[in-house]
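4 protein chains.
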Amino acid sequence: MNLFVFGLKLSKWMNTTSVRQISKIGFIGLGNMGNHMARNILKKDYQLTVFDVDKSAITNLIEAGAKTASTGAETVKDVDVLISMLPSSQHVLNCYTGANGVLSSVKKGVLLIDSSTIDPFVSQEISKEVEKREAKFIDAPVSGGINAARDGTLTFMVGGSKENFDSAKIILEVMGSRIVHCGDVGMGQAAKLCNNMLLAISMIGTAEIFNLGQRLGLKNSVLNDIVNSSSGKCWSSELYNPVPGILPDVPSSRNYEGGFSTFLMAKDLSLVQSAATRTNTLIPLGSLAHQIYRILNTHGLSKKDFSIVYQFIKGNKI
Amino acid sequence: MNLFVFGLKLSKWMNTTSVRQISKIGFIGLGNMGNHMARNILKKDYQLTVFDVDKSAITNLIEAGAKTASTGAETVKDVDVLISMLPSSQHVLNCYTGANGVLSSVKKGVLLIDSSTIDPFVSQEISKEVEKREAKFIDAPVSGGINAARDGTLTFMVGGSKENFDSAKIILEVMGSRIVHCGDVGMGQAAKLCNNMLLAISMIGTAEIFNLGQRLGLKNSVLNDIVNSSSGKCWSSELYNPVPGILPDVPSSRNYEGGFSTFLMAKDLSLVQSAATRTNTLIPLGSLAHQIYRILNTHGLSKKDFSIVYQFIKGNKI
Amino acid sequence: MNLFVFGLKLSKWMNTTSVRQISKIGFIGLGNMGNHMARNILKKDYQLTVFDVDKSAITNLIEAGAKTASTGAETVKDVDVLISMLPSSQHVLNCYTGANGVLSSVKKGVLLIDSSTIDPFVSQEISKEVEKREAKFIDAPVSGGINAARDGTLTFMVGGSKENFDSAKIILEVMGSRIVHCGDVGMGQAAKLCNNMLLAISMIGTAEIFNLGQRLGLKNSVLNDIVNSSSGKCWSSELYNPVPGILPDVPSSRNYEGGFSTFLMAKDLSLVQSAATRTNTLIPLGSLAHQIYRILNTHGLSKKDFSIVYQFIKGNKI
Amino acid sequence: MNLFVFGLKLSKWMNTTSVRQISKIGFIGLGNMGNHMARNILKKDYQLTVFDVDKSAITNLIEAGAKTASTGAETVKDVDVLISMLPSSQHVLNCYTGANGVLSSVKKGVLLIDSSTIDPFVSQEISKEVEKREAKFIDAPVSGGINAARDGTLTFMVGGSKENFDSAKIILEVMGSRIVHCGDVGMGQAAKLCNNMLLAISMIGTAEIFNLGQRLGLKNSVLNDIVNSSSGKCWSSELYNPVPGILPDVPSSRNYEGGFSTFLMAKDLSLVQSAATRTNTLIPLGSLAHQIYRILNTHGLSKKDFSIVYQFIKGNKI
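Chains as they are written, first to last, in the numbering used here: chain H, 25 to 342; chain Y, 25 to 342; chain U, 25 to 342; chain R, 25 to 342.
Be a bit skeptical, because a hint or two may be false.
It does not matter which identical chain is meant; a pair holds if it fits inside one copy or across any two.
[Said to hold, decoys possible] List time: in silico EDC-like cross-link candidates among lysine to aspartate or glutamate, alpha-carbon distance up to 20 angstroms:
| hint | residue 1 | residue 2 |
| --- | --- | --- |
| 1 | Lys291 | Glu158 |
| 2 | Lys243 | Glu187 |
| 3 | Lys327 | Glu158 |
| 4 | Lys327 | Asp249 |
| 5 | Lys186 | Asp249 |
Because the hints were derived from the structure by calculation, they are not lab data. Predicted model only: the values in this text are computed from it and were never measured.
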């Protein structure tokens, strides 16, 4: 038996050990996404303590056996792992560093997992504070939406040390099917934001060419065939086409309901814009995509799937 | 034997018949692309007559057995099929409708194939003039670049009647491996332009996110893995990545030599811009992509592969 | 007396002579603008012949003494000067070069004045055809809108030879108060389009800062004082402010009625876009301004004054 | 004597009184701008204490009679008024709230004037901390550049209470000729940023039309006359024209030396971008202007006057 194989076994064994230590989990932020994630944790017989400023958000979890806490500080007091799933950088900052926040009572060695999508810079600032308290922090934003949260098939993009990533993996696998280590703290956020910026750009581009094609007399089906077998192909054109009727099971074919909302896309692009501005980075198309999704929000389309930009480009009312 | 199979055989036989009628071909525009295409025709034992305003462009073809003509009118006078491969709408207009142009001497029933990438509106205007002379016209722009032209593996996007498409197919198959019927005259151009606009947009977007990722501390390899297994995936990120070293055999890994030049991308985007402006069609990202490729041209990068936009976004000199 | 001075005197004398020779004028295109302009000509006792495809557009002029013609050819047949005021490049092309068009019957020496706002390239193409017939052509687009047309206070931006400019001046002064010679044929159009592009850009910019200021807590009146005494000042901020209530007598203070419509601004930006695309000229902001005015048109604001972009930026419905 | 007049006299008297109380002033940040401003204060016989992390920046002021301090805390300890002039939001935050910062030793009633150009949100956050210590804060960013700083003719845009504005005025008048009250804390910044965003937009627009005009054949002098007597007129076209030779005494006519640097314009646009992103405000042209100035910075033009965007648009190397 060579060392490499031995090393592999040892590391497996160590992981198993560390896993056994996790029995109590705290969860802050039980909205659309967080509630599903927390339920998947409960199903695995962990002891779960939940906290949300909206009491009605946790009723179903209490019925399913969760304990409740009334502050972040109380939520983290007696757990091995704490997960947060909050709507913005400011919420996360308050939750961790505010009065009665998580950091006011977190113990040494506790692992804090923030699955919110926020500014990577904020993740890094919080992480520094966490380290001062000898606790552990990773950022672990998700992709996949509400259905994946319900089904436990989210993708987690994780930023943090390899050790913390390894510790978190067994918990994240309860909620997701793909757990990717992206680098140091903040890199989970960075990876998600970069992906979503390219998604926004290629979605708007897809919307533009299908509308232009029609205006020039081209059939949608022909353009669909051409683009998706050529160099214009992208995820938006192939698997999430914004033109109703091309693909059967996407938001564009059900009046742009469900999916990933224009509001959330604009939010992610705000985070990209902030990150790019702080680092003096050029993002000409990303910046215009940001403005376009902001226009959609301003004009009443914030709750629709982000592929509705196609109807906006056409000038149609939905 | 069922009808479907019979139909198939019959159609093959009919094609064969029509093929026998094509023995003499004219070719106008023997530049980088046209010269390779013409050589593939010569290899198939067609009688070829060639014309280019630049005499030196046809030397090799004369040596290989082609006859020469000194005007468009002379080139088309005694052929079954004429192919043109020219750099701009204006060149094509002059070639067909100018003094001593193709239309001044084209005979009834001759098939005119324009493989130039031009404004679909111009294709349609020429087609009307062709029909008045009872000749036939298709637009058949290509994708695939110089290597595909040399190897006879171009993709042809064809606009014209089904009958003319069928007639042209056997000739186009001498030069290409994929021949797609896109609709009426102009729709080959429309399809190509729409594809290339989305290509430009997703290439710039890809360049933006890889640069932004780096500025935030993300490794190229990590972002590459994330994006190409997620919703940001596009042809540019997956198969033509603009970051040197990610893919071995793309222009970015050989100093942006070869490939599809910034000059040609800016040209195609000009055609898109004109088509969109004429039809009052919204193309916010396409329009900004057009300006960005124009900036690259203006700043000395016109001969480099269009993926060099990545270096421009980084602020690097090449 | 040296020859130069003699030449000068002679030319002055000739101008005077040529002015006296203008008694009969033709006018094509009697829409909102053209009708007012034609009436001002009638008031000066010229013999006027009018033609419009819409017969109802000329009723008032016939009552006021104008003769009618039924084609462009007929309109120009017996006049010294012909004026055209049409909505697009295509209309002007048809009017001059189409069947029964002006050029089919124009006589030597007749002066053709096109006051339409069109692509300068089209002006130049028409001018070449006019010269072949030994007639004279100037482009003379206007600014000032319907009120200035009614009051005879239009500004004419004229492109053409100095001699033709001088000949036209006396007629243009009947309709306008400021007649500017901008250079050769097409330069009237070029000057107008350049001005209007900067107008569109600075109007949108003005709308953006007043909205942003409000969002940051700044009073409109304070920002108005600061900007209009500082380096941000522009015509739109100072004399045509898009924020209702800042200036009493502008479209923004009367529900964006009257003024210069979003439709016409989008049209002028289309002409700019075409001219820039044809000449490979960078216009990043002009191009985005074009897209923004196109969005407004697509979303039902085409008839409102172009300062309504302020309400669009705010996300308000009008 | 009615009450109103009495009130007026009383307030005048009170101002005079408060003025007499200011004898000691601290100044932090003695760079290009701050050094000139501090010298103007010294000339008026105030006792001045200065602090800059770069010791060489204060040599001339010590020779002229200033005392030095080694931290922000020490600078503010014994003064009536403290002025700061620093390069970024982060510098200002550190200077006020960092270890040994101003807030660690500021006494009740002391007036803190921040003349840095920073994020208005940061000004507001600092102001809250200042109020907790019962001191006073105003933001007072300037316009006018180095020459105006030297000559004491700066414009100050002030945000803060009316009372604090009145107290600050006598000191600001030592350094500037125009002191404008813009509203509550942060509104000085907001006003400056809004003005500069419109300036950036109209400068790029001016550059675009002069280049486009040339490409279409129009003379610079003609376009200059037309635009500056029409609706396209803006400060950039009329008083700071980016085309060399049109105006004698502007940066474009001396190789874009002096003036307001591309670097500082990009910085101000970053602040605008952040403020707009934080408040979910649409700034499509402002956002593109930001990206364009960022391109200029990335491509080596950061030290040139911001009107050099004209040469960039032309594709010229400087």
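So, going through the hints one by one against the coordinates:
1. Taking the shortest alpha-carbon separations for Lys291 and Glu158, neither the intra-copy value of 32 angstroms nor the inter-copy value of 37 angstroms comes in at or below 20 angstroms.
2. For the identical chains of this complex, Lys243 and Glu187 are inter-copy neighbours only, at 19 angstroms across copies versus 53 angstroms inside a copy, given an alpha-carbon limit of 20 angstroms.
3. When the C-alpha separation of Lys327 and Glu158 is checked against a cutoff of 20 angstroms, the pair qualifies neither within a copy, at 41 angstroms, nor between copies, at 45 angstroms.
4. For a Cα distance limit of 20 angstroms, the shortest separation of Lys327 from Asp249 qualifies neither inside one copy, at 30 angstroms, nor across copies, at 30 angstroms.
5. In the homo-oligomer, the alpha carbons of Lys186 and Asp249 lie at most 20 angstroms apart only across protomers (17 angstroms), although the nearest pairing inside one protomer, at 43 angstroms, exceeds that limit.
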